[in-house]
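Enquirer: Sequence:
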Amino acid sequence: MTPDTTNRATQTAGVGFAGAAYLLWGVLPLYFLLLLPTGPWEVVAWRVLLSFVFCLLLLTVMRGWGAFRAIIRQPKLLGWTALAGLLIYVNWQVFLIGTLTGNVVETSLGYFINPITTVLLGVFVLKERIRRLQWAAIAIAAVAVVVIMVAHGSFPWIALSLTASFGIYGLIKKKIGPAVDAVSGLTLESFWLIPIAIVQLIIVAQTPSGLTMGTQGGWHAVLLALAGVATAVPLLLFAAGTRRVNLTVIGMIQFITPVMQFLIGVAVLHEPMPPERWAGFIIVWIAITVFVIDLLLAARRSRRTIAQTALSPARTTGGSSAAPRRTSSSRN
Numbered sequence: 001m002t003p004d005t006t007n008r009a010t011q012t013a014g015v016g017f018a019g020a021a022y023l024l025w026g027v028l029p030l031y032f033l034l035l036l037p038t039g040p041w042e043v044v045a046w047r048v049l050l051s052f053v054f055c056l057l058l059l060t061v062m063r064g065w066g067a068f069r070a071i072i073r074q075p076k077l078l079g080w081t082a083l084a085g086l087l088i089y090v091n092w093q094v095f096l097i098g099t100l101t102g103n104v105v106e107t108s109l110g111y112f113i114n115p116i117t118t119v120l121l122g123v124f125v126l127k128e129r130i131r132r133l134q135w136a137a138i139a140i141a142a143v144a145v146v147v148i149m150v151a152h153g154s155f156p157w158i159a160l161s162l163t164a165s166f167g168i169y170g171l172i173k174k175k176i177g178p179a180v181d182a183v184s185g186l187t188l189e190s191f192w193l194i195p196i197a198i199v200q201l202i203i204v205a206q207t208p209s210g211l212t213m214g215t216q217g218g219w220h221a222v223l224l225a226l227a228g229v230a231t232a233v234p235l236l237l238f239a240a241g242t243r244r245v246n247l248t249v250i251g252m253i254q255f256i257t258p259v260m261q262f263l264i265g266v267a268v269l270h271e272p273m274p275p276e277r278w279a280g281f282i283i284v285w286i287a288i289t290v291f292v293i294d295l296l297l298a299a300r301r302s303r304r305t306i307a308q309t310a311l312s313p314a315r316t317t318g319g320s321s322a323a324p325r326r327t328s329s330s331r332n
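Take the sequence shown: its position 76, counting from 1, is numbered 76 in the working numbering, and each next residue is one higher.
Warning: the hint list may mix true and false statements.
Claimed, not checked - As a list, the in silico DSSO-like pairs of lysine-lysine whose alpha-carbon atoms are at most 27 Å apart:
1. 127 x 173
2. 127 x 174
3. 76 x 175
4. 175 x 127
5. 127 x 76
6. 173 x 76
7. 76 x 174
These are computed hints drawn from the structure, not numbers from a lab.
Keep in mind that this is a model prediction, so the values were computed, not measured.
Could you build the full structure based on these sequences and the hints that come with them?
Expert: Written as structure tokens, this is what we have:
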């Protein structure tokens with residue numbers, strides 16, 4: 001197998017892994033709706049506890065305990081994983097509240113603007129320089145939020161909480177870098193959240209409805225027990241995909257998730273979409289179009305630069321060896 005063939009196979013596998021992750025995230029609203037009448041606070045509590053158990057099993061099967069022990073010996077990394085855990089908890093809790101209270105469309109809005117939020121965090125936190133089209137996308141997205149707030153008459157707190165929590169979570173993941181692998185990271189993030197999950201279960205147990213685990217039939221109990229798997233599998237697929245493809249590809253296919261969630265909210269769950277809300281979403285989609293165009297232009301410039309760099313030595317070598325090649329031709 002040639003290097004080009006190997007590279008293409010790696011890229012194809014990476015797109016497959018990342019695409020599968022985004023597809024699973026896209027259908028999660030339907031999965032969590034199957035868990036009704038379980039409320040969002042109980043679902044997240046079980047999600048934390050069962051994700052931790054599932055990750056422990058993965059560490060054992062994948063023989064990742066050595067890497068895990070190396071991480072827990074570094075207090076700084078532990079601190080970062082604790083902060084990441086709190087942020088992903090906020091993200092999970094807000095997402096479940098949105099999904100189980102008939103606001104799937106608004107959750108999709110949060111993930112539509114998340115890539116733009118990530119760019120903005122890069123500017124203000126990492127002091128990164130961004131291109132003009134990226135600034136244009138940020139400005140257009142800001143207009144969309146204002147339109148939704150003013151015209152629709154409601155503050156999109158679910159969308160903004162989701163994009164802020166996941167954006168900062170991604171920033172921390174970038175800060176940690178390859179020092180923490182996906183399974184070890186999720187294991188530690190879930191571990192830090194265990195006290196919160198236990199307190200939530202105790203509080204829910206004191207409410208009139210009480211805990212639903214085991215009270216709604218066997219099928220419901222199985223689905224609720226699989227919440228940990230539903231959490232971990234997309235994250236692991238995403239990690240496998242990002243190691244194989246560049247960020248430009250990830251940047252484009254990540255919109256699979258919000259598109260699917262939007263379609264589920266509108267076409268399946270029939271959530272209201274008055275004209276002013278449509279206007280806000282259309283403006284967001286314009287911002288995304290500008291963002292994707294910028295990604296494509298940047299990727300094209302990068303390929304052109306790499307090609308020119310590769311050709312420059314070839315030209316120099318070609319000039320110095322031109323005479324020998326002519327001599328060889330004359331012999332034939």
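Enquirer: Confirm or reject each hint.
Expert: Hints versus structure:
1. 127 x 173: holds, 17 Å
2. 127 x 174: holds, 14 Å
3. 76 x 175: Measuring from Cα to Cα gives roughly 11 Å; hence the hint holds.
4. 175 x 127: Status holds; Cα separation ~14 Å.
5. 127 x 76: holds, 22 Å
6. 173 x 76: holds, 13 Å
7. 76 x 174: holds, 15 Å
Consistency note: the structure conflicts with none of the earlier hints.
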